[in-house]
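Working from the sequences, and respecting the hints, build out all of it.
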Amino acid sequence: MSETALATRGLQKNFGSLVVANDINIELPRGARHALIGPNGAGKTTLLNMLTGMLRPDSGQILLGGADVTGLKPAARVKRGLVRTFQINTLFPKLCPLEAVALAICERERQSGNWWRSLPAYRDTLDEAYRILCSLQLGGDCTRETRELAYGQQRLLEISLALASKPGVLLLDEPAAGVPRNESSALFQAIAGLPAEITVLFIEHDMDIVFTFASRIIVLVGGRVLVEGTPTEIAADPRVREVYLGHGKHG
Amino acid sequence: MLGSMAGILFDGFAYGMLLFLLSVGLSVTLGMMNFINLSHASFGMLGGYVTVTLMQQLGWPFLATLPAAFVISALVGMVMERFMFRRMYRATDLDQTLLTIGVVFMSIAGAAYIWGTVQQPVVMPDYLSGSFLVGGVNIARYRLFLIVVALVITLLMIGGLEWTRFGAQIRAAVDNQRMARGLGLDVDRTFSLTFSLGSGLAGLGGALAIAMVGLDPGFAFAYLIYVLIVVSVGGLASIWGSFVAASLLGICDMAGKYYVPQLGSFLIYLMMVGILMWRPVGLFGKR
Amino acid sequence: MASESESGAAFSPRNFLASRTRWHALEIVFWLSTLLPFVLVPDYLQLASQIAIAALFAISLDLILGFAGIVSIGHAAYFGLGAYTAGIVSKYGVSEPVLLLVLAAIVSGTLGYVSSFIISRFRHLALIMITLGICLMLYEVANLTSWLTGGADGLQGIKIGPLLGTFKFDLYGKTAYAYALVVLFLCFLVCRRLIHSPFGLSLRGIRENPVRMPAIGAPSDAHIRKIYTIAAVIAGMAGAVLAQTTSTVSLEVLGFQRSADVLVMLILGGAGKLYGGILGSIVYMVARDQFSGINPQYWYFWIGLMMVLVVMYLPNGLLGGLEKLTRRWRGKS
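Residue numbers (our numbering), protein chains in the order written: chain A, 90 to 340; chain B, 53 to 339; chain C, 128 to 460.
Derived by calculation from the structure, the hints in this document are not laboratory data.
Just to be clear, a hint being listed does not mean it is correct.
Said to hold, decoys possible - Here are the computed lysine-lysine pairs in the DSS-like style, where the Cα-Cα straight-line distance is at most 30 Å:
#1 Lys-286/C - Lys-301/C
#2 Lys-255/A - Lys-353/C
#3 Lys-301/C - Lys-183/A
#4 Lys-286/C - Lys-168/A
#5 Lys-301/C - Lys-353/C
#6 Lys-353/C - Lys-162/A
#7 Lys-183/A - Lys-353/C
#8 Lys-255/A - Lys-162/A
As structure tokens, this is what we get:
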């Protein structure tokens, strides 16, 4: 097995008497394509919020590349390459995609404190932003305001913003949420085309997509990891059938 | 020394009850809709002027003007909610702030135009004026009356919130608005009624305030600051929080004015900033 | 030849953004026309300098409110501190206006820097209360320390020397307007650079989505502290210029009315555009001058009505409305 990019040890979180994370231990090797599935309310987004530091776990550890990042703030984790996207579009409505992605690159390159040099002088930053946008088919619309973009384009911009932070580990929270089926495959083609060294963990409800793109699947139920395995193992697992597929989430 | 301290506690508590009536409505509406309504104290001022006008022009007895102050403020609140504020619930903090400051300005200028800028005199009925001594503490009848009224209203509110259907709807809407809507609750109507009740309570507070702190067009702004302090320190949507914060503020303000009058309102502002830094969501706030 | 290869090339993100930062002809016309009062309305130069000061103050508020989205209803704190600093120091022998201006900027900036650590932690109602609270506290302090500030009577004995040792502040306000205009223009240049820089982009990011910022690794708090300090410096300079050109400082410079006035000017003109604050202060100050016969009590009725109408029907201020009109007009023709 190759080295571990992201791991958790005994992650625990309660909201009052409700247990939303119960002794979660996961391990993502570098370059992994893991899917995180589970019924609604299983604690998937909660787990993502804890991994990225937006929510503090009651106990347990989060290790990024072997280093303990449990106490770090979200921005500091991004600087170390742990980047997420959001299930509900969390974009900059009145910035154009070019500005938004340039903003993310400026923050990454620590150019954002400079208040004297004009933005167009940062040629490399802008070229890189444009390159990222083109790679996600947003090149043609990169000067329109974000709020004017079609919904599917906004989902792509979610990913573009994450990519601009040069993630080592990329956490995608239902990247295709709300995108019609025929368009979502294009979105996942883009994700599949990500550089192999990026570790990807994605939450997704569409089982066809999960089985096509994930090399391993983690099933979360009631805040606990029910089972982890390859798609074939998961598909054959009776417990998964019962708690998850049995609910008929997508069909 | 002890006597004066007890006197300050009593006076401060009475003053706090006044602030409580003036602000509790804002606490609930802010908690429910997150709508920053800086014009809340203007409804208090309206109630005050209703009482003044009814007493002076129509010769109503003081007690009879109180329900009128409540009802008229509540009606005006309902109309303004329906035609102006409702459109702003999804607006930014800034827009809400500006809109309601605009209303404050208009209410101050309007009051000055109609009633002039002078302090309004009111003559309290005999049974509410004067004072008596209890264990060396000077108890002003009016302040005692104020405390009793506020306590009765507090009990009514807490009971109403806990035991009535409407109270349950308010709690649901504050707790989780999306869920409440999903369950088929008419949140807009609930809010409209709550807003109107809150404005009415402010109007009642304003009517009760005249005999203690006076009334002039500056009321809408001077008490806005006190109201905001109560709400932000007490925490949003918390009746109990507003009660505690208002009592605390009333007592501190009285004590400050008695012991260190040269510091003016400085202590109050310092207390507010200090508490907010310690607990940004207020003493009893959840979010 | 070079231009041909440029235009023939594919889309250049650099050129696109550069075209946005370039000086527009209208801007140059505007700044040239600020010189007109000297020849056209020499009797109104005092008013013109008041407008320039208000515009500078509005620009300072625009930096935090229009660009970073931090609502403040207590911005007069820094304006007033600057005014008092310039006024008080002038009593103790420092009479060179430029030196006083620098001192005021430093003192206001220091308070801005210290309070920015509080400001950056808050949002929503608490933020509004904190900004108001700081300003009210400062007002009380100025009121209490009447041995230093003159309290409610205003500061007595301000002595402002000639500008750069040469230009005296005359009765007609010639020097006053020239001085206020130069300070305004220089500060404007700095702000204009700032908003087109990567830092300016980050501020807009905070305004547009404070939740996303940490998720792209942005130190939002540090950005907010920085812009808040810069805004405080500029507000302090505006206050100092007021103290110098009028030779008076009273408690009113720290009052809520002043915080509210600047907010109104900025919103009227249009926040987040730099020129919005300038346009708003021109309209507001000229209107107030024209209607000065009205009892100020009633004047605020119209201000209030205007705020309500602007918020409900003109969300981007006068400038936003003008932009919309020109766009519609261009679309038709």
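Consistency of the hints with the structure:
| no. | hint | verdict |
| --- | --- | --- |
| 1 | Lys-286/C - Lys-301/C | holds (18 Å) |
| 2 | Lys-255/A - Lys-353/C | holds (26 Å) |
| 3 | Lys-301/C - Lys-183/A | violated (42 Å) |
| 4 | Lys-286/C - Lys-168/A | violated (53 Å) |
| 5 | Lys-301/C - Lys-353/C | violated (35 Å) |
| 6 | Lys-353/C - Lys-162/A | holds (20 Å) |
| 7 | Lys-183/A - Lys-353/C | holds (23 Å) |
| 8 | Lys-255/A - Lys-162/A | holds (18 Å) |
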